[in-house]
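S.K.: Spelled out from the first residue to the last, the chains are:
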Amino acid sequence: MEQDTTKLYTFLIYSENVPGLLSQITAVFTRRQVNIESLNVCASSTPGAHKYTVTANCDERMARILTAQIEKRIEVLQAHYYTDDQLFINETALFKLSTPVMLKNPDVGRLIRFHNARIIEVNSTYAVVEITGITNDILSLFDALKSMDCVLQFVRSGRICITKSRVEHLDEYLAVREAKRNALLKN
Amino acid sequence: MEKITGAEALMRALEHEGVDVLFGYPGGSIMPTYDALYDHKKTLNHILVRHEQGAVHAAQGYARVSGKVGCAIVTSGPGATNTVTGIADAMIDSTPMVVICGQVGVAMLGTDAFQEVDVVGITSPISKWSYQIRRAEDVAWAVSRAFYIAKSGRPGPVVLDFAKNAQTGMVNYEPADVDFIRSYDPEPDVNMADIERAAKLINASVKPFVLVGQGVELGNAQEELKTLLEKADIPCGTTFLGLSAIASDHRLNMGILGMHGNLGPNVMTNQCDLLIAIGMRFDDRVTGNLATYAKQAKIIHFDIDPAEFNKNVSVDLTVLGNCKTTLAAVTKLVDTAKHTAWIEGFKPYAEKEYNKVIDRALHPTEGPLLMGEVIRKVSEAANNEGILVTDVGQNQLMACRYFKFTKHRSVVTSGGLGTMGYGLPAAIGATFGAPDRTVCLFVGDGGLQMTIQELGTIMEQGAPVKIILLNNNYLGNVRQWQEMFFAHRYSFTPMLNPDYELIAKGYGIPAKTVIERQDLDAAIAEMLATPGPYLLQCAIKEEDNVLPMTPPGANIDEMLLEIK
Ligand SMILES: Cc1ncc(C[n+]2csc(CCOP(=O)(O)OP(=O)(O)O)c2C)c(N)n1
Ligand SMILES: [Mg+2]
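Keeping their order, the protein sequence lines are chains A and B. In this text, residue positions in the first sequence follow the working numbering: the first is 1, and each later residue adds one. In this text, residue positions in the second sequence follow the working numbering: the first is 188, and each later residue adds one.
Rather than coming from a laboratory, the hints here were simulated on the basis of the structure. Honestly, I wouldn't trust all of these hints.
Claimed, not checked - Derived lysine-lysine pairs resembling DSS-like cross-links, with alpha carbons at most 25 Å apart:
#  : chain 1 : residue 1 : chain 2 : residue 2
1  : A       : Lys186    : A       : Lys51
2  : A       : Lys72     : B       : Lys498
3  : B       : Lys387    : B       : Lys511
4  : B       : Lys498    : B       : Lys539
5  : B       : Lys338    : B       : Lys418
6  : A       : Lys146    : A       : Lys72
7  : B       : Lys511    : A       : Lys180
8  : B       : Lys418    : B       : Lys539
9  : B       : Lys525    : B       : Lys564
10 : B       : Lys543    : B       : Lys511
11 : B       : Lys539    : A       : Lys186
12 : B       : Lys485    : B       : Lys534
13 : A       : Lys72     : B       : Lys338
14 : B       : Lys387    : B       : Lys519
15 : A       : Lys72     : B       : Lys190
16 : B       : Lys525    : B       : Lys498
17 : A       : Lys7      : B       : Lys338
18 : B       : Lys338    : B       : Lys413
19 : A       : Lys180    : B       : Lys338
20 : A       : Lys164    : A       : Lys51
21 : A       : Lys164    : A       : Lys7
22 : B       : Lys255    : A       : Lys72
23 : B       : Lys418    : B       : Lys594
24 : A       : Lys7      : A       : Lys72
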């Protein structure tokens, strides 16, 4: 039998802030039959640069190809792929729970405390609970609450993460490019 | 400073880029630009095509032979969607081209306005860059950036979606010169350590073999390639797009790679100890079954596009950069060598292919005309100095096999996309890109009809395209596959043909039909002696096959020399 070599890779992509890039990036995945599991887009700490955090299941060869094809798009500054051990990872989830059910069943409150989740709003109809953590923790809380029949709404964010590496690849890249620009200007 | 319209700014920006020929077709959303063009007819030679697909293919043909950026200009909506095939073709074949499409004004965008279509959305996945110009102020910058992206690094098509209000808006025009984009590095620095590693592998190799791709032509590295091959005495094979990067008769040129290539280079791919791929992308038509492809060899890949490395074939060493630079650097470090025995080893395969296939294709004594003999005779009559343009199908495979090359940038064919209908308009473009050369188009009866309306462009321009119609009354290439792999079931490949001579004459193009072998030489001579365009129809054996052939998915060294 063929060994399953797929795992969850996280792609960190930096781009110039131009419209239309998101669809170019997602097209690189879909064309190669790779489903995107989660996606987060925001401004990065580098002025003018946007950061895309994408997770997807694939094998390493595919991760490499996807990264190269993404980086090939003109306005993409850099793309890298990572495994979980190379990253600090976080996700956020929000639950809207039924207050009457919570009052009836004290296990709900215990469960929320056990998972270090936070109640951020309560009224007589519903309570809003927030949790940050990794996917598995969030999903186990969801499953437990679901079994207690109190979940009115649930939403989970895409993964966000920071690399553990001591090297800031983007800054290095931008410094090299800036040097090249200056060299060109001199000529 | 006087203010000018965005449309006028486009004209000046194109002139600033050195554009001298535009292939196009007008319409509502691009009318302000066509109005500006009216005053620039002296500098910007606009060629009115008969269908927008013709404009893009003509721009491609122009770019391929000239090395300059081809330029097409069309209206919005259907004008723009008619260019899609050519854009995709240019993308996969790395052809530098800028396509300017009209677009409705920004106030109308997203309203399903008349002839509005999401051009950037449609073309982004099939172009190197696609951009919507929404303000007249952006014209100079966008045009300069478009040309820079199209021609730098690995070349490709760029689309400018030119909103109507940006054409009519007023601007203080100043030319722009984009030669740097922070997020795009078309000329990566050469890594000397990789160069040294490559030289070491080459020096240690006993049976080295080079795969020559179009990258050598795109990088203008034909001389650098030749110097390397001769110094280290390395035999090579070429892809279709790399055909004219080295003279056909060079002693180290062993022929064509891939499915319908030559036996020797394909067999030796699986016998060499070092495979050196230069500016090629290991297309499946070149490699056959990847599981058995060159497994015995170490592989070095020279390319300017890092995304091509380890995409289809895992390699031992990658050398990133323009091969003009990297080949020259490696050549300095390689030893002068002789690989006489290894090179001699190609001979038996060449002889076998000659006896079983080539001799029969070139020197038949009876029966109807064959494609091979027609092609070789045209090539020789043009001194082997002509430009070969092909359509797609058996005519293409045969033309690439039997046309001969002594000059660079001499092959214009749709390699990656295999676009029927490409040939005729691409040949028109080639006559503008290389006005001093003989442009020979080989086209099938199927493909000619896909863009046959461009005969009108040829008529109007007097474009000196020598059209050799290889008429076999079949969609021949598909028929061959049906014969070989679908039990002779000719599902919709026989075709009732019109009187092509009459059609050509309707367009005022001199034409002749050859049926008998004895009339062929004179007809070719007449075609070449006739100034301007000419259509030579050859009645080709109907059920002939292109051989040798590696069946799809088979091992590349297992070529069929005959069909049982
Ligand atoms: C636009 C397009 N449609 C369909 C095909 C599939 N196709 C490849 S070769 C071929 C037959 C071409 O027939 P013809 O132009 O007569 O050339 P021949 O093979 O007979 O020389 C077809 C239909 C294609 N390559 N391009
Ligand atoms: Mg045919």
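S.K.: Which of the listed hints are not met by the structure?
M.R.: Of the numbered hints given earlier, those the structure breaks are 1, 4, 5, 6, 8, 9, 10, 11, 15, 16 and 17, listed in rising order.
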